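There are 2 protein chains.
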Amino acid sequence: MSAEIICVGTELLLGDILNSNSQFLAKELARLGIPHYYQTVVGDNPGRLRQVIEIASLRSQILIFTGGLGPTPDDLTCETIADFFGVPLVESPEILEDITQKFALRGRVMTPSNRKQALIPQGAEILPNPTGTAPGIIWQPHSGLTIFTFPGVPSEMHRMWQDTAVPYLKDQGWGKEIIYSRMLKFWGIGESALAEKVASYLNLPNPTVAPYASKGEVKLRVSAKASTERQAKDLIAPIEKQIIEIAGLDYYGADDDTLASVVGQLLRESGETLSVAESCTGGGLGQMLTEISGSSDYFWGGVISYDNLAKVALLGVNPEDLAKFGAVSATVAEQMAIGVKTRLGTAWALSITGIAGPTGGTETKPVGLVYIGLASPNGKVESFEYRFGVGRSRSFIRHLSSCSALDLLRRKLLIRES
Amino acid sequence: MSAEIICVGTELLLGDILNSNSQFLAKELARLGIPHYYQTVVGDNPGRLRQVIEIASLRSQILIFTGGLGPTPDDLTCETIADFFGVPLVESPEILEDITQKFALRGRVMTPSNRKQALIPQGAEILPNPTGTAPGIIWQPHSGLTIFTFPGVPSEMHRMWQDTAVPYLKDQGWGKEIIYSRMLKFWGIGESALAEKVASYLNLPNPTVAPYASKGEVKLRVSAKASTERQAKDLIAPIEKQIIEIAGLDYYGADDDTLASVVGQLLRESGETLSVAESCTGGGLGQMLTEISGSSDYFWGGVISYDNLAKVALLGVNPEDLAKFGAVSATVAEQMAIGVKTRLGTAWALSITGIAGPTGGTETKPVGLVYIGLASPNGKVESFEYRFGVGRSRSFIRHLSSCSALDLLRRKLLIRES
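These protein sequence lines are chains Z and F, in that order.
Letter by letter, the first sequence follows residues 1 to 418 of the numbering used here.
Letter by letter, the second sequence follows residues 1001 to 1418 of the numbering used here.
No lab work stands behind these hints: they were computed from the structure.
Remember, it's a predicted structure, so these values are computed and weren't measured experimentally.
There's no promise every hint is true.
[Said to hold, decoys possible] Here are the simulated lysine-lysine pairs, DSS-like style, with alpha carbons at most 30 Å apart:
(1) Z:K27 <-> F:K1027
(2) Z:K225 <-> Z:K215
(3) F:K1215 <-> Z:K27
(4) Z:K215 <-> F:K1215
(5) Z:K215 <-> F:K1027
(6) F:K1365 <-> Z:K219
(7) Z:K365 <-> Z:K27
(8) Z:K197 <-> F:K1102
Work out the full structure, taking the sequences as your base and the hints as a guide.
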């Protein structure tokens, strides 16, 4: 038993809109534990829609249509479905009454084409639309096949789904089994390296473990199927614990955690403060830190020392060292960190100086070369060299730089504590 | 002759991500004039993927796959396609060399699973991936059927599409009638207000003009259909000129222009420099300015004065005024702007202080109250009060604050010059 999502609309084929309906329905099906293997998009064309219905009705038992229920001649979903199953359309007095009332309430004139929206396949139940004019249907054209239709307008579809379709599906016995997921997040390890470390978990039946990678970070989604959220969590907990142990310090958090929120939490626990000095990231590290509400408890601010003049005037970087080693150097990164730490009197300070590109790289200092400085409460200052590589965008190199700085401090705070 | 988009990935079936790849490819196919009638999403399952390939290869002549090219065992697109057409996979020395080099450049260890990414169907051409490790293919398994594969990572896919797939398709004769668009961008006016001002343009047949709104900014897309880009541009130019005249100062740029790039261009022209002092945006304004390569020519840096201590220590804000008027006040905004301007010796300085929420608001100083300070080359300092409103997210209020600061300076630079 599985469901299939079929979105009808030429605007999707033209790329005019993002298919957010598919994502909404996919999440909902997962939540109810209804397996779902295919999504199809097809235009407002009866021949091609018929073909899609034929394929879908052979491989899936629940077909969920969105779009093509409007009053215009190119809205063909309902009549094409009825025609495919050889069932006539009948006018529903109940829907007609509802549409007539809605037009009266809004002070608008009902046109003959609106009357078309009252036609449903004989034997279908109405799926009421409280906010718009086009109702949907719930229909079993034959045993073992259930069809839902929804308008394409996301807000109307969401409401109808929650109000009518979900209770209907629960009555059919769905939603007894739910899928609950945790997204584990890692920094400082590649997707393939992590996948190899946790290889034995990637073939588990329940919970399942699947790797994802995005913007320099790797994630593992741990999903359990169970009859209650509590049970699903109990299935996930031991696996999560084992994976976290295997990953060690590369694991940084789960679900809504970000590197900035995790660093913030660690600083809050130790009662310490942080300041930053940013060159190539130009404020991006500060922005990440302050994206967290309440970050003023531990983040005091910093300096955007984009020009060398700012490095000297606001951070006290030695102009001779700037000339000798260059702005992108371990020495300058260290002086930037000490400079901001001293001026703001924070426990910790992070600094970033690098070549974000696309221009400005040289043979010895290529695009992607970044130094991160870290000044510690004990007065020690260290710097770390990163090579984020040519060919990556300016924006990605800056993102990697800010994240790596946060990750550096995160590891420092954790190692000290353990 | 028509194309079909097939997105492979269980994360799409779970609703974890929005299918933006389909939208991108749909737009691109429309731009090239390639008909496109179906989109399919299928999970990382070889049996079901095979079935999808079978259906698609019978009804479409160009199959475009995204996703499932990664190094992990559940990445199966390439081998399933080869298997379906009964063609063996062969290791491409060229791809292996490229992957090896990329790992070396990034200082990461290549694992055996990465080697899998060098396998392509015998006879397929390589579709190079300049930014990631997984290459795609262009392959004609038999006459009348062309297959493209792309990784699922949008940035990699976009680049590969533009660099290799588009030239290939143009060689095949596509793209003779093209759609060319300009996106005109506005700040400081709402969507409906702008739509009313340019109402007479919204029903034009060619070029068409359509309004969009996103993240506080309004855009008008002007699209022309013609046989050459030159002809399309000639159709667009007079309409664009008229719209810009109607919009006045609310128009700020087109296409890739951002408020930061436009401000940068104006500063570059006047040979002046800028510094910033940020409280509630925490570095976001600096980040926007430095997103532009070469911004060091006019942007010298600034101070993230998140805590009051930083406002006093790094900007010389008067502690008595801080106590009397509060950190979120016109007085403090002005002192912040003067403070950073004086310390860095720039021609202009912008400052931002406000309540980004969700907590920290009071009756008299609600969430969304923001003061922006602007210090000018003539020694004058002004401040402007914004009320971005309760109910908006912290992240959106911070974004509006940074954009409004840039817009303020943009208008100042333009008015002075005209």
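Now for the hints, and whether the structure bears them out:
no.: 1; hint: Z:K27 <-> F:K1027; verdict: holds, 25 Å
no.: 2; hint: Z:K225 <-> Z:K215; verdict: holds, 29 Å
no.: 3; hint: F:K1215 <-> Z:K27; verdict: holds, 25 Å
no.: 4; hint: Z:K215 <-> F:K1215; verdict: holds, 22 Å
no.: 5; hint: Z:K215 <-> F:K1027; verdict: holds, 24 Å
no.: 6; hint: F:K1365 <-> Z:K219; verdict: violated, 40 Å
no.: 7; hint: Z:K365 <-> Z:K27; verdict: violated, 46 Å
no.: 8; hint: Z:K197 <-> F:K1102; verdict: holds, 22 Å
Hints 6 and 7 from the list above are not met by this structure, while the remaining hints are.
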